[in-house]
Amino acid sequence: MEAAEDSCARWRPSCGRGTITGAVRSVYLDHSATSPALPEVVDAVRHALERVHGNPASLHRLGVEAERFLEEARSTVAAGLGAEPPEVVFTSGGTEANNLAVFGVAWARSSPHVIVSAFEHSSVLEPARRLRQLGVQVDFLPVDRDGFVRLDALADLLRPNTALVSVVLVNNEVGTLQPVAQVAALLDEAESRWGRRPLLHTDAVQALGHVPFRVRDLRADLVTVSAHKLGGPKGVGALYVRRGVHLQPSVLGGDQERGLRGGTPNLPGIAGFAAALRFWTEQGDRLRGVLRALWAKLRAELASCPDVRWNTPAEEQRTAPHILNLSVPGLRGEVLVHRLEEDGVYVSTGSACHSRRAHPSHVLLAMGRTEVEATSAVRLSLGPSTTDEDVAYAAQALKAALEDLRPLVQR
Amino acid sequence: MERVVLVRYGEIGLKRGNRPVFVAQLVRNLRRGLPAARVDNRFDRIVLRDVDPAVAAERLRRTFGVASWSPALEVAPDLEEIEAAARQLVAERHPSPGTTFKVESHRRDKSFALTSPELDRELGSRLMVHFPGLVARMRDPQVHVWVEVRDRAYVYTEVHPGPGGLPVGTGGRAVALLSGGIDSPVAIWMVAKRGVQVTPVHFHAPPFTSERSRQKVVRLVEVLAEWCGPMDLWVVPFAHVQRAVRQRVPEPLWTVTMRRVMMRVAERVAERVGASALVTGESLGQVASQTLEAIAAIGLATRLPVLRPLVGMDKLEITALAQRVGTYEVSTQPYEDCCTLFVPRHPRTRPTLQEAEEAERTLGTQALVEEALAGAEVVTPVAAVARS
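Residue numbers (this note's numbering), protein chains in the order written: chain A, 1 to 411; chain B, 1001 to 1388.
One should not assume that every hint holds.
What the hints assert, rightly or not - Derived, one-sided and incomplete: chain B residues facing chain A with beta-carbon distance under 8 Å:
{"#": "1", "residue": "1054"}
{"#": "2", "residue": "1204"}
{"#": "3", "residue": "1207"}
{"#": "4", "residue": "1208"}
{"#": "5", "residue": "1210"}
{"#": "6", "residue": "1248"}
{"#": "7", "residue": "1341"}
Hints listed in this document are in silico derivations from the structure and should not be mistaken for laboratory results. Every residue gets a Cβ at the ideal spot worked out from N, C-alpha and C, and that includes glycine.
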């Protein structure tokens, strides 16, 4: 933990102007966007850059060394996921892994039917929409007001030719933990009815580390993970592809990664990914406890704010321990983001706002929120470097910001 | 024989009395833009030496006051040398049998032995001897050889148009309101083209606008600096004005009131930097704040003349110009802009001056202007070659 503190201190951006209580601090509560690199990760990346010169595909000794290095990292990541090493396909991150999962299944089947939940990350939703444009049957699984996929609706959507069901493990905006095991059970039923089991994909980018899981227990066929939400490097991730699952490759031009993803592997990134995952595997229990306590504290501190409406349910059993999403109806999320920035508190909106048109969060709209609520959301996400004082300060800053901006709230 | 670039300045040549001032400014601007080149001010041309014509071209096409320019060979005013230069330039055009050509001479130095028509004929026949396939043609020749004979002789086969206008720095100074949009950078470009040095003012309103929108404006000034030379960008805080207007002014008058405060702040910046006019990107009737009535009510907030170079242009014309200037790509980057908070649902499209003044009575305008100026920051973005 101390090591993590150090890395954050080094990384910290310029502090805010400090409009509250004269304090000037920097509190980063945007770990779900990306989490600062852990010192272990920096060391691992540096080591790979300095010591591992070969291309794993080269025939000579240096190539063999690089290959061994790559396979060690693959084993570490596989162990972190509860998978066999050959089942781990490294990619350039979560987005590529999600694309590979959706397109890879659809192109490997004839007349496939695809179901994705309505509040997936756009790297699942957009490929699904593209498939639909290209004539593939695609259905979007609705979610309820609390932010969970509707299993009753899934039962109705499944068909004999359903090839893929994709349900996120932890939603990236609101942090709800999806009932993936129950989804798997429904797929079992489909199998017993039609003799063929649809493949189950889950995007576990926000879940990895923060929610303990083993791919075998999830009974998922494809699982997306990413390094930089854990303090690993940006630009590296992986897709778990269960042994026996056939996919069409996403990147042609080399037989790397079992032929699913051509290109020289990003060795330094992969080494950093392995280091981050090792850190979370070793420290996970403790970290999850700390994060959950901070999560609960932040929530409690803001309980007295009349304007705040929670988009993240209060149930600890069904949420990730590091994401809290709230709306202040009538106050645009990005205004609150920039106002908090003045006090050195960095958070994000659920959605992006371009030019003069507000883009409401598709996640919150899928959860049945109004357009106003869906454009007024901010997400606070915690990480290993977050402290008690950070949370207290952020809550104070948020209250002050709401007080300050109240005259501007559009009713 | 020396490779040079010959620069002509059409319009400023006409202004007899001021001419030395204008030429001296153009020479200064070229020296700043091409620090490695020797800039030689001779007779009614400027000669650039020690410069790659391709590098010079990039600079000259963005230097106001340049009417046209030619990569040229400079030789002694001697027929043999002129012929050698002409041969070289014609050879560089790879003539084939049937290639049409023409020689056009201007003898300024009357001590030169041949008159212009004699030189045309003599040089023409010599070139035909050297390049046997050449065919003389007076109209639309494929290769046009110009010869200017002065104390030195200049031979060239290309004439490229410059942007025209007047050298920046000869037309005084103005303060321009610069938003991140398409119009205001073009307005700045248009007054700079008339020789005016511009000090842009940007109203920045965190937390309602982001750091990215500020960076976008800095980038716009970088592109404009390619045309106008380095400019001091004033970044003026404005959120307090927006909040005050929202709270104290009737909603239909928010826009006109905020624009009037902007004019007052700009006028104060003008006092500080010694500017004698304001510049806006307004064009008539584009949006509610740009009706004739709104423009009148806004303009009357300042004593200074307000230049509106886009006033009669429509969006397509402005867009085409923005593309030529190189600001279009920057202006159209979609950054969040939460000014909708301060856009009235039903703005008064034809506000009267009386209404506008009435609305300001309880606003505390003076204090708001002072606070804006106190928080102003001046940055000088470095010119970056525009990709256009």
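Comparing the hints with the structure gives:
Because the beta carbon of residue 1054(B) sits about 37 Å from the nearest beta carbon in chain A, more than 8 Å, this interface hint is broken. Taken as an interface hint, residue 1204(B) does not check out: its beta carbon lies about 11 Å from the nearest beta carbon of chain A, beyond 8 Å. The beta carbon of residue 1207(B) comes within 3 Å of a beta carbon in chain A, closer than 8 Å, and the hint placing it at the interface holds. Restraint check, residue 1208(B) versus chain A: the minimum CB separation of about 6 Å is within 8 Å; hint holds.
Taking 8 Å as the C-beta contact cut-off toward chain A, the hint placing residue 1210(B) at the interface holds, the least distance being around 6 Å. Checking residue 1248(B) against chain A: minimum C-beta separation of about 11 Å lies over 8 Å; hint violated. The beta carbon of residue 1341(B) is positioned within 8 Å of a beta carbon in chain A (closest approach about 6 Å), and the interface hint is therefore held.
In the structure shown, a violation is registered for the earlier hints numbered 1, 2 and 6, in ascending order.
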